[in-house]
Structures are given as structure tokens and as C-alpha cells.
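S.K.: Here are the chains, one letter per residue:
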Amino acid sequence: MIFHTFLLKYGEIGIKGKNRYLFEDALVRQVRFALRETDGEFNVYKKQARIYVDCAGEYDYEDVTEKLKKVFGLVGICPVVRLEDKGFDELKKEVVSYMDEMYEDKKITFKVESRRSRKTYPKNSMEISRDLGEAILEAFPEIRVDVHHPDVTVNIEVRGEVYVYSHIIPGAGGMPVGTNGKAMLLLSGGIDSPVAGYMVSKRGVGIEATYFHAPPYTSERAKQKVVDLAEKVAKYAGPIRLHVVNFTDIQLYIYDQCPHDELTIIMRRYMMRIAERFAKKDGCLGLITGESIGQVASQTMQSLAATNDVCTLPVYRPLIGFDKQEIVDVAEKIDTYETSIQPFEDCCTIFVAKHPVTKPNIDVIRRSEERLSEKIDALFEEAVRTAEIIEIK
Amino acid sequence: MREIYLDNSATTCAYECVGDLVRKVMCEDYGNPSSMHRKGVEGERYIKEAKEILAKLWKVQEKEIFFTSGGTESDNLALIGAARANRRAGNHLITSAIEHPAIINTMRYLEEEGFRVTFLPVDRYGRIRLDALKNALCKDTILVSVMYVNNEVGSVQPIQEAAGIVKAYNKNILFHVDAVQGFGKYRIYPKRLKVDMCSVSGHKIHGPKGIGALYIDSNVKIKPIVFGGEQQKNIRSGTENVPGIAGLGLAAKTIYENLDEKVAAMRTLKEHFIEGVTQIENTKIHGMYDETSAPHIISVGFAGIRSEVLLHALEEKGIYVSSGSACSSNHPQVSGVLKGIGASQEYLDATLRFSMSEFTTREEIDYTLETLKEIVPMLRRYTRH
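Heads up: the sequence lines are chains A and B, in that order.
Going by numbering that gives the first Met the number 0, the first sequence opens with residue 0, and the numbers climb by one from there.
Going by numbering that gives the first Met the number 0, the second sequence opens with residue 0, and the numbers climb by one from there.
Because the hints were derived from the structure by calculation, they are not lab data.
Even glycine gets a Cβ: it sits at the ideal position worked out from N, Cα and C.
This list has only true hints and no planted wrong ones.
Listed next, with one range per pair, are the computed distances between beta-carbon atoms: (1) GLU61/A to SER33/B: 36 to 46 Å; (2) LYS338/B to ASP322/A: 34 to 44 Å; (3) GLY293/A to PHE226/B: 54 to 64 Å; (4) CYS16/B to ARG28/A: 52 to 62 Å; (5) GLU260/B to GLU219/A: 30 to 40 Å.
Straight-line distance between alpha carbons at most 35 Å, and here's what the computed DSBU-like set of lysine-lysine pairs gives: (6) LYS372/B to LYS353/A; (7) LYS338/B to LYS353/A; (8) LYS208/B to LYS222/A.
Here are some, though not all, of the chain A residues that point toward chain B, as calculated from beta-carbon distances under 8 Å: (9) PRO215; (10) TYR216; (11) GLU344.
Chain A on its own, in the form it takes in the complex (with noise of 0.2 Å):
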């Protein structure tokens, strides 16, 4: 069967009043820009607290609905078939035919529902909807009708053509990205962080990243890595500007100057300054990380505290009450848990101490970091200012 169109749902956009038209244009934007290097000539455009997508020239019809599947704000997509219109008797021709190709087992229940923006259409809807039923039933000596609970609904619109669907696939749900701001996202490459700007995206948040690196304790695979998830982030929430900070200068720093079971806890406060000081640069409104409370050292109540204590926007941490296993069934959902798993050093690992503090006193912390008064508001501008800058598209 060839589509012609996609008539695409949205949620929760409907309920937002006066600001609604925003979040369409949003929608719309976002639906261009999911299918710009899309093979095919698309046109997207709002009508009637719709979003059709009118396709022309060859187009692959996996390869469109893979993309509009991943559009925060989109709830369902209906693959439509436009015909043309060539009086009643030869719609109703179509639309069995279009039964009998899209519904193999004929055992199921159904309903038609109709509708005419064209007024001028000699059938009204009531009328349209029972006599395509008649049609349906006539054919199909299997198929039953189910005005209330029907299997499948046969949705007739009556344009200058008509528009016949009756398959919704799930969209990715959420909001429309660029409705709420954007924040940014403490990127490693682990499994975690990815599903976190997933998360807070899906909200409608643009997002951007910053990843810390300790050359050459870590290496340009794992680096490459990194790229490769946001990438990945990308395809759901839009492009990704994405911060490489070379973080070994300060690592070591702490290193030589700090006790060394407080290691993580201080380099995981400096890595929330830098990247603060970029989102406070760019307009972000807050901060995503992958922390689950408890699941290492560096992410018991007490450790989150010792971070959030050098932030002064807030912290999104959507996965905080997730299990592990929660966050990798949501990874293999977005496709970042195989890239997550290869096994390249992060900078977080390297230097981890045998039994590193779990609980942390932070007046304690705070003491800890006098020791580097020296150095490290040298080494924290030089890192912030030596940043490469990935624009992930």
C-alpha cells in the first residue's frame, strides 16, 4: 500500500491554550527538521489542530516513520491514502480495496468515522460513514461493526480528496522540543547520562552537553564515543552543542592536594562548575545528570548533596528513583546501550579510590578544596577556555 500523507496527533499541546499555536509551530518545525535529509519531498504544515505531512517523489516509508517516530510531541502517526474524488460509488470501491490490503484476517471489528471540511460533498457525514459501513460489510462476510469498542476505526475525510486511514503507529509522546528552554546535560559515556538528556528532552528541553576528558588517561575512542551518543541523543532531541573539556590538569591537581577518598566527590564538584559556567553562557535554564540515589559511591543522598552544593541552577536528575534495569531497557529503546557498554576509561574511573568516602561531610569537602586555592581557579579558566565545541546535527 503507498501512503500519501501523514496526519499527524498530538497530545498534550491541545490543552495549552492561548500558547497553543507556539507549541504547533514548534511541532511543525521540529517535524522539518526530523525529515530534512529524508529522502523525498515533504511538505509539513498545520491545518485545523492538525500536522499533515504531504509526501511526493519516492520516499521510504520505514525510513519516515523511523524519524517521525522519535518527535517529542507527537502521539500517533496515521499513515493516510489520498484518493481522488470520483463521485461515491468509486470511493467505495477504494475503500474496500483498502480493507481488504491493510486487514489480511478480515475477523474483526470496526467502525467508520467521517468527516467534510468540504460542504459541498453530496453525502453528509452520518451518511457517508453508514454507506461506506454497508460497503465494508457487504465485502467481508467475516467483518463485524463495533460502534464502541471496534478493533479498528476507519477514519474517512472528505478534502478536495479523501483521506482514508485507519493505522495510528505510537509516537515518542512528550512535548515538542525548544518549548521548554534547554539545559545541559553532564554527557559521560556511560549508560546513564544519554537516557537522562532523552528524558528531560522529551519534556520539550533543548539540550546541550558537556563531557570531561583526561587525555591520556582516556583516549580519542573514548572521546568518539561521546560524540557518537549525543548523536544518537540527537535524533530525539535536535542538535547538540556539545563541550569536550580536557580535564586532566585538575584532576591531577586534586590528586596531589586532596585526600584521596574524596577524589570523585571534588572532581564531580568541579565538573558541575564548568559545566554551570557553560550553561550559564549559553541560556540554559538547569543542569541533567544521570545520577539514581545509591548507585555508586558518588550517588548516595549525601554525595548528591556535595555536588548540588556548587550549583546554583538546578539539577534535573530524571532517573533519580530508576533502577538499573530501568535505564537500560530505556537505553535499548533509544539505541545508546550498545555504544554505552564499549569498554574505553572514563575520566571518572581512573583515578577512584579503593574505598572512597560514601558520606560525605560537606563543610568537610569544602575544607578539602581550600587546599587548592593555588591553582585551581588558573587550571578551571584554562579548561574552560581550552573547550572544544562538537556541533552534533
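Given the coordinates of chain A, work out where chain B should sit on it, guided by the hints.
M.R.: For chain B alone, coordinates are given in the frame of chain A:
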């Protein structure tokens, strides 16, 4: 930044003349050797020339040379093809514990096909134990495979003695040599060594990647492992990689020109490097390092530094090396070879392989030594607890 490439056992830069020839064959003399017309004959001529070169170098017949996609495929064809074809004579295979994965994993596959495989232990210098070989031979043994030069520590295997032992026990047992690391450094004469099959690769001798060759003695029974248009006497179907074959031939010819001088120069550099690197505290040279070892491979353990870290630190200075073996970077685990030679625990994850080529200069080695002396103590300051 300057570039010092000391990873020649992973791959080499191609000779300029090889690059030129490959380009010419690809873009101008691109005929399919199986075609009946003149363009086809032209392609066939390149194959013939390459065979002539290899046949002369190895003192074998041209018809005993087959081209494959590389060292790995040569090893696969030799082991799987010969094991299957000689199954009626027995089901026992022998190899060493320190072979390249192309041998080890093929042997493991053959175990699944029902063959029994003995993996011979090695001594602390990385040479197979001949007494173990003697003990392993039995009436079911049909094939023995031993590498010429070990790719990780550079140990040279006693091929002639091993083949002699095998043939004295039963002359029908086939002897295969994976000579990927030995080719271009040693003169290898299979017939004199009593070797029945010998694998080589193009890109380790300044030739192209994706091309290899396998010598198969005309008396060896072997079955193909890929099926198709019955090229190369149906031993290896598939349109011949003519540019690769031509490149391999020319690279082989070039590398063996003035071989003795090139090898002597590498050996001098190796000694110089070892002398310098052992001045750094807590280092260890794995394997033999006198003239009984390969001239181009030096395996050095640096206690207390993870090899990956040192590798990237050298990379920052423009020096490219491998940790353990380049092929194992897909599976970052400790080297089986280092374990096999009984290297102590502190070196297993702390060893780098430096491998030279004829283009390596003394000045490059000096720069590498200076760099090591500078960064090794620095990296040792920062360790995991």
C-alpha cells in the same frame, strides 16, 4: 607535530611504488582476469608477475601460490581446508598457545567441528617447547600449525626443528606456518623447512591491506572454504584482487632488496632502544632480545603504568605504538601471550609493543627514549589505589 610510527607489526605504510602500481591497476589495467578479452589477459599478467616474485622468494612453484584477502583468510583456508580434506586420516590438530587469533580462533572453531586440538606451551622466551610437541604427536595427528615470529613479543619459533620432528614422526602430517610477521624479515624456504603451507599478508610488508597469500605444497589435499566462480583452481573462488595482488608482489620484491642490510639496521636500533629503555626503572623486556628474536619487535613492560595510559601519553607526543598486540584492542583484556610466557602479574596490563620498519631512524628511537624517560616517572606518580 612530528609523527613517529612504531606500530609496524600492526600495519605499515605502503611503499610509494606500491601505491602507484595499485592505482594504475585499479584505474587503467582494471580487467577481470577471467575475461576472455585483452583487458582480462592484462589483469592476468599482474597475477602471474606476483606469483613469479613469490615463487622465486620462496623457491616454490608458481602453481603452489594462492591469493586471499589477507593473513587471516590464509590461516583459515590452511587450517579449515586441510583439516576437512584430511579428516579420514585423523582428527587431531596441534598449534601453540601464543598464536595469532586467526589461528587460535580457527582452531577453536574446528573443535566445534569435532577436531581435537592441542595448544603447546611455550618457554619464558616465547618459543614453543619441542618436547611438548613430541609428546603431543599421535596417530590421529593430521596438522600442526606454528607461527614464524610471534606478533606480540617477537620470539622466533624453531620451525625447522619442529617440522623435522613432525615429519620424522609421520611424514603425512601437514605443517603450516603463519609467517605474517616473519615475511619480509627472514628468507623463508618452505620446502627446505619441510613446511607444507605458509600464510603471509600484504600490509605488514609495506603492501596493501586486504591481500594475502598462501603457499600450498602441490601434494597437500585441501578443500575450499569459499565457493563461487572456481577461480584459482577452485581453491579460492572470487574475482582475484588484482590491484592487491600486484601490490603484494611489488612490496615483496622491494622489501627483500638489500634485506640483510635492512635487518641489520633494525637490529642495531633494537639493541639501542633496549639499552636505553632498560635504564628506566622497573622495566622489563619480554621474550628474547638477542639475534634469536625478530629484529623489529620489542615488547616492554613498564611496572605501575597501565599500557593504555602510556600509549595515549606517547600518542600526545606523536609516537604511535601498540599495547600488547594491535589486534587485541577490540578486546581490551590482558595478553594471552604474556601470560603464556609467564610474565609476572604487574606487567600483564602494563606492556607496550614497539615495532619498527626499515624506515625507522636512530633519531626517532632517540626521541622515543627521551620521551619515555620524561613521561614514565610522571605517570607513575598518579596511580589508582
